[in-house]
Amino acid sequence: MNATEFNRQLAGKLDITQSLASEQLAEVTALLTDLFMTEKSVSLQKFGTFSTRKIEARKGYSPVLGKHVIFPPKRVLEFHPSEILKEKVKNINIE
Amino acid sequence: MDKLNTSDLVNSIAEKTGITKTDTELLVRNIIELIEEGLRADGAVKVKGLGTFKLKRVARRMGRNLQTGEQVEIPPHNKVTFTPESDLKDLVNKDYQYLTYKEAPVEKGWVPPSSAEKKEEPVKEEIKEETPVKSESEDVKAVPEKEEATPEPPPPATPEPPKEEPREEYHRRRYLWVIPVAIIIIAILAVIFYFRACHDKEEEVKPPSEQIITPADEPEETTITPVDTIPEEPAATEPAEPEIKEPQPPETSPEEDLLYALKPGNYLYQLAGQFYGDSLFWVIIYKANASDIEDPEGVSVGKELIIPALEGDRFNLSRADSMNLSEGYRMLYEYYMVEEDPRTSNFYFGMMRYMPR
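Same order as they appear, the protein sequences are chains A and B.
Per numbering that gives the first Met the number 0, residue 0 is the first one in the first sequence, and the count goes up by one each step.
Per numbering that gives the first Met the number 0, residue 0 is the first one in the second sequence, and the count goes up by one each step.
Treat the hints as calculated values from the structure; they're not laboratory data.
No residue lacks a Cβ here, since even glycine has one placed at the ideal position from N, Cα and C.
Among the clues, some could well be false.
Within a straight-line C-alpha distance of at most 27 Å, the following computed DSSO-like cross-link-like pairs (lysine-lysine) qualify [stated by the list, open to error]:
hint: 1; chain 1: B; residue 1: Lys15; chain 2: A; residue 2: Lys45
hint: 2; chain 1: B; residue 1: Lys101; chain 2: B; residue 2: Lys88
hint: 3; chain 1: A; residue 1: Lys73; chain 2: A; residue 2: Lys89
hint: 4; chain 1: B; residue 1: Lys53; chain 2: A; residue 2: Lys87
hint: 5; chain 1: B; residue 1: Lys78; chain 2: A; residue 2: Lys39
hint: 6; chain 1: A; residue 1: Lys45; chain 2: B; residue 2: Lys55
Residues of chain B placed beyond 12 Å of chain A at every Cβ, according to the derived structure [to be verified]:
hint: 7; residue: Leu33
hint: 8; residue: Ile34
hint: 9; residue: Lys47
hint: 10; residue: Gly48
hint: 11; residue: Thr67
hint: 12; residue: Glu69
hint: 13; residue: Leu90
hint: 14; residue: Leu261
hint: 15; residue: Ala287
hint: 16; residue: Leu304
Given these sequences and hints, build the entire structure.
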């Protein structure tokens, strides 16, 4: 499901116009982005948890450079699905 | 770190946008629902401003029951993956956004290919302190060689210089105390070797001609490499320079053992640099040809040497490679012990270092 399709279906569910749906979705994601930027984690019931994690600098091998290098630290956003979601998608047949 | 739940999120959205809480909750619920539906429908959902949720198939595997310790089969299943949009990724990572990789400190047996920038204080310090040690073998060498050899980027660098780099890049407190300590240790080692060498022979100290020695992996070994100067063949010294100076390790290590006829200007350590990319590996060549070489410091032109192949590569030595290295060091240790050479202990350290555990 691509972004356009997602927006179309969201509008259908909420029974509002697509442009309004896209606006409201943007509000939600903007707020989430703010939260993630301030290192907060957000758990959504029955769905999962978004959290950020700092990855420390580490030694490694860069296949691109062909060298052993120290990778700098970074912060990443992670999503951990809830048990409920995990259970729901466990046995779906995806080709 | 603060943790927000659904109602916190709904409250703050409602506050920010002015939509009623009921509507906001409906909105959030529907977004979540829709993501689930999308996953079920075609295994992938792209949400603008957030990222992509995807289902990934996990194959059947064996696991272990943590309580009982017995093996259980984990059946194949799907798992949800989430990849944030690159904009969001960058925003989350904005504190560290502009950091780039840095070359790693040298690991055992590993030589950074470009070490031109490694000419830092610790290395120089070592050069000064250690040079008298090898001077006796280089007496034959022409003085101009010094200028030529000096700019050469040291192939195997000391572990210390790279350690300084992370400090500049991102302030890792951990590294800060390591550097002075490492420098002091090197200085002490260098001084010890210097005095031991001076004690053994009362020769006057000539200006050192060879600098290639300095960049050894560890201070003990730094003195080993120059050994190969060929006192009997002064003519051979000139053509040698261009070859030694090659900064990058040239050819890949030989796939199988090959025979190499010595040309003027070939030293064992220089051959090792050429074939293995690491001049310290000359002990392997010595070991393979030990019966043919009376004096490791003077190999004659035209002689055919076996260049043994490495099983692994110079970064990942196989057990047999380490064994060969250790054995090579042992033979040289014995050779120099008979000669009562002050550098004998270096070979002992080399032997211990590569001894497979």
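These are the hints, each one checked on the structure:
1. A threshold of 27 Å between alpha carbons decides the hint, and for B:Lys15 with A:Lys45 the separation of about 24 Å falls inside it, so the pair holds.
2. Only pairs whose Cα atoms come within 27 Å are accepted, and B:Lys101 paired with B:Lys88 is accepted, the gap being roughly 22 Å.
3. A hinted pair counts as satisfied when its Cα atoms are at most 27 Å apart, and A:Lys73 with A:Lys89 does not qualify at roughly 31 Å.
4. Distance hint between B:Lys53 and A:Lys87 is fulfilled; the C-alpha atoms sit about 14 Å from each other, no more than 27 Å.
5. At most 27 Å may separate the alpha-carbon atoms for a hinted pair to count; B:Lys78 and A:Lys39 meet this at roughly 24 Å.
6. As the CA atoms of A:Lys45 and B:Lys55 are separated by approximately 19 Å, the hinted pair is consistent with the 27 Å bound.
7. The claim that B:Leu33 lies off the interface is violated: its Cβ sits roughly 6 Å from the closest Cβ of chain A, which falls inside the 12 Å cut-off.
8. Listed as a non-interface residue, B:Ile34 fails to keep its Cβ farther than 12 Å from every Cβ of chain A; the least gap is roughly 7 Å.
9. Listed as a non-interface residue, B:Lys47 fails to keep its Cβ farther than 12 Å from every Cβ of chain A; the least gap is roughly 4 Å.
10. Not every CB of chain A is more than 12 Å from the CB of B:Gly48 (nearest about 3 Å), against its label as outside the interface.
11. In this structure B:Thr67 is separated from chain A by more than 12 Å, as the shortest Cβ-Cβ distance comes to about 22 Å.
12. Listed as outside the interface, B:Glu69 is consistent with that label: its C-beta sits roughly 22 Å from the nearest C-beta of chain A, beyond the 12 Å cut-off.
13. The Cβ of B:Leu90 sits about 6 Å from the closest Cβ of chain A, inside the 12 Å cut-off, so the non-interface label is violated.
14. Interface exclusion of B:Leu261 from chain A stands, the closest Cβ pair being 31 Å apart, more than 12 Å.
15. With a closest Cβ-Cβ approach of about 28 Å to chain A, B:Ala287 is found to remain outside the 12 Å limit, as its non-interface label requires.
16. A cut-off of 12 Å between C-beta atoms confirms that B:Leu304 is not in contact with chain A; the least separation is 29 Å.
When each numbered hint is compared with the structure, violations occur for hints 3, 7, 8, 9, 10, 13.
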